[in-house]
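Protein chains: 2
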Amino acid sequence: MSSTCLKLVEVEESRRFMIDCFKAVNVPEEHAKAQADLLVAADHRGHFSHGMNRLEMYINDLAINSTDGAITPVVLKETPATAWVDGRNGLGAVVGNFCMDLAIKKAKNVGVGWVCAKGSNHYGMAGWYALRAMESGLVGMSMTNTSPLMAPTGAKEAALGTNPLSLGANACGKDHFLLDMATTAVAVGKIEIQNRKGASLPDGWAQDPEGKVTNDAKLAFETGCLCPLGGTELTSGYKGYGLGAMVDILTGVMSGANYSTHVRKWTHTGANTAANLGQVFIAVDPNCFAPQFQERMTDFNSILRNTKPTDPKKPVLLAGDKEEKNMKDVDQTGGIEYLENQLKTCAALAERLKIQPLRFK
Amino acid sequence: MSSTCLKLVEVEESRRFMIDCFKAVNVPEEHAKAQADLLVAADHRGHFSHGMNRLEMYINDLAINSTDGAITPVVLKETPATAWVDGRNGLGAVVGNFCMDLAIKKAKNVGVGWVCAKGSNHYGMAGWYALRAMESGLVGMSMTNTSPLMAPTGAKEAALGTNPLSLGANACGKDHFLLDMATTAVAVGKIEIQNRKGASLPDGWAQDPEGKVTNDAKLAFETGCLCPLGGTELTSGYKGYGLGAMVDILTGVMSGANYSTHVRKWTHTGANTAANLGQVFIAVDPNCFAPQFQERMTDFNSILRNTKPTDPKKPVLLAGDKEEKNMKDVDQTGGIEYLENQLKTCAALAERLKIQPLRFK
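The listed protein sequences derive, respectively, from chains E and A.
Our numbering puts the first sequence at residues 1 to 361.
Our numbering puts the second sequence at residues 362 to 722.
It is possible that some hints are incorrect.
As the list claims (entries may be wrong) - In silico SDA-like pairs for lysine to any residue, Cα to Cα no more than 20 Å straight-line: (1) Lys573/A to Arg305/E; (2) Lys669/A to Thr261/E; (3) Lys517/A to Asp311/E; (4) Lys77/E to Lys469/A; (5) Lys105/E to Asp672/A; (6) Lys669/A to Lys105/E; (7) Lys190/E to Lys573/A; (8) Lys156/E to Asp672/A; (9) Lys675/A to Arg305/E; (10) Lys438/A to Asn109/E; (11) Lys683/A to Lys469/A; (12) Lys517/A to Lys156/E; (13) Lys675/A to Thr232/E; (14) Lys218/E to Pro202/E; (15) Lys313/E to Thr593/A; (16) Lys314/E to Arg666/A; (17) Lys156/E to Arg666/A; (18) Lys156/E to Lys705/A; (19) Lys705/A to Glu374/A.
No lab work stands behind these hints, which were simulated from the structure alone.
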């Protein structure tokens, strides 16, 4: 990718633009900020698939009221350690923050908070909610189900989503571990990129319509059947399939939301039905167990980062290290580097919503 | 594998033999029964690597007192939803059952029970503890760390174990979902089998001493560096590496047990230090969330099993289906089919421990 395709946008300007977009489709300021914070954090961390890139899809869903931007979630049932929440078809970040804040409160009281939401929408990067728990000194976990895109091992049709899971834990200082991963081998975006490049796919990424692994990026993109993490049966793809199912059980099935093939397809133009996704938010207070958790995390992180690398020039990384580096790079260069295509979409959005266009350098 | 290598042993006889072995190395009857129940369940379900196959290793550890077969665990700290337990170097099944029973009690009271143990030993198949929670109508999870065998992505030495995780949930009747998986691509036993056959390994299973993927089963077995689930970086092996680290954080690091490379190597002859493994046991009451959880599980299971199979003769399976079939087969044939090599080991054990030999047909 040549640097001429990239334009620099200040983090605050990216945030301002997204807030303005949400407000233009009648999202109250507080909710607009919550959703924009989530999306801009994804771009800041280098998870471009979950940032500005998704803005238009959210806006389209809001414009046709298939998401209700103004709604706040309600607690349907609770115990000292659990809550069952109805997101009432609100914005993903609004539902997610509400639930994780509740889980944090419960964890502070009884050691664990386990909050399950139905009636939610796409909630952005799963790691966002783990980070929220970490800010309160807790271990955070979150999972969501998504639209069907993964074929179970031995099947030729999709029946589970990319169903991501995240877990984050603080070490000393600002160091931490932050896992945020889809349970499919790769995200559909990776196949899209190979397709655009005219490049082939490695084995174990995606299937053709007959259920065989394909190296044809165009065919894979059209088929929409990703392999689970692990690829084929020979390389234990059934484990990734099992993990994807585990996420759906703890989110969609447990919350009474849609699950498996009951989840709608998410289209670029907006869907005409509510997504009714299921999500889970878990906070755990490490102080309920052995003292000095963060000190041990520092040692744990250090052991992993210092294992002998295969290539001496490439030190071993920990989950979350790449994202921390991306944030530092953005802070040093003074902004997020967006592709020109992304900026064209933003310009069209600004015109359509009659808001101030995105400023870039 | 030809059927001539196999001998049929009644389930009760397999259990009797294991109990006698444990009692011969001074394990009290109640503990001997707990440990035997776990091992025989693994064989019954077809997880031979976690059954009688492990008996000799347990016995060796007990004989040299590197595991204390008589000890019962103690609670060090607790809240309504959590407990921190010291296993005091007791038998894995004794520590594990104690912790899961405590988690179940807490989940019945406040919706979730989250129990973390240090000072534990190899605890057998992780699914055993999920099943225990399921017997009480709860969703069960369990994880354990293990001796280093997995190389982090980009590393040429092992720094994490096979670190398995399990999750089980009841559907209606006796149907259920039961995931029980190592976070490595394959178990080391699979490499041993390929090595014995003189067969090569598929890509993505294991590394050579330089950190490159190897197809040489002998070299892979000697090196002892398994790939994480997902294989190499290209096929998202860093996700399996992240999952393995997640398990170690929730078990070893959180409980204050050994973790990562601090965990001893587990040798066939018995180690001269305590394992001090970390484990976590989680029970969740689905009744705290949307009603009719089991009914939705039945629908969920049915959707997955009925996805169109790639091969019409091979219906799509769910996590736990293979094990259920194995149990039925054992019940129909009247016993567990053990390899002759296994029976030789048992004969030697019987002689050494001066107990009644294992009867087979």
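For each hint, the structure was consulted:
Proposed proximity of Lys573/A and Arg305/E is supported: the alpha carbons are some 18 Å apart, at most 20 Å. Of the pairs offered as hints, the one joining Lys669/A and Thr261/E holds, with about 13 Å between alpha carbons and a cut-off of 20 Å not exceeded. Restraint check for Lys517/A and Asp311/E: the C-alpha separation of about 9 Å stays at or below 20 Å, so the hint holds. In summary, the hint linking Lys77/E to Lys469/A is supported, as the alpha carbons are separated by about 15 Å, within the 20 Å threshold.
Restraint check for Lys105/E and Asp672/A: the C-alpha separation of about 50 Å exceeds 20 Å, so the hint is violated. As the CA atoms of Lys669/A and Lys105/E are separated by approximately 44 Å, the hinted pair breaks the 20 Å bound. Taken as a hint, the Lys190/E and Lys573/A pair is broken in the structure, with Cα atoms around 24 Å apart against an allowance of 20 Å. Among the hinted pairs, Lys156/E with Asp672/A is consistent with the structure: their alpha-carbon atoms are about 9 Å apart, no more than 20 Å.
A hinted pair counts as satisfied when its Cα atoms are at most 20 Å apart, and Lys675/A with Arg305/E does not qualify at roughly 43 Å. Straight-line distance between C-alpha atoms of Lys438/A and Asn109/E comes to about 15 Å, which keeps the hinted pair within the 20 Å bound. A threshold of 20 Å between alpha carbons decides the hint, and for Lys683/A with Lys469/A the separation of about 30 Å lies outside it, so the pair is violated. Proposed proximity of Lys517/A and Lys156/E is contradicted: the alpha carbons are some 36 Å apart, above 20 Å.
For the hint linking Lys675/A to Thr232/E, the alpha-carbon distance of about 15 Å falls within 20 Å, and the restraint holds. Between Lys218/E and Pro202/E the alpha-carbon distance is near 13 Å, which keeps this suggested pair within the 20 Å criterion. A distance of roughly 18 Å separates the Cα atoms of Lys313/E and Thr593/A; the hinted pair therefore holds under the 20 Å criterion. A C-alpha spacing of about 43 Å is found between Lys314/E and Arg666/A, which places the hinted pair above 20 Å, so the restraint is violated.
At most 20 Å may separate the alpha-carbon atoms for a hinted pair to count; Lys156/E and Arg666/A meet this at roughly 12 Å. Distance check on the hinted pair: Lys156/E and Lys705/A sit about 45 Å apart at the alpha-carbon level, beyond 20 Å; violated. Restraint check for Lys705/A and Glu374/A: satisfied, since their Cα atoms lie roughly 16 Å apart, inside the 20 Å limit.
Going through the hint list in order, the structure does not satisfy hints 5, 6, 7, 9, 11, 12, 16 and 18.
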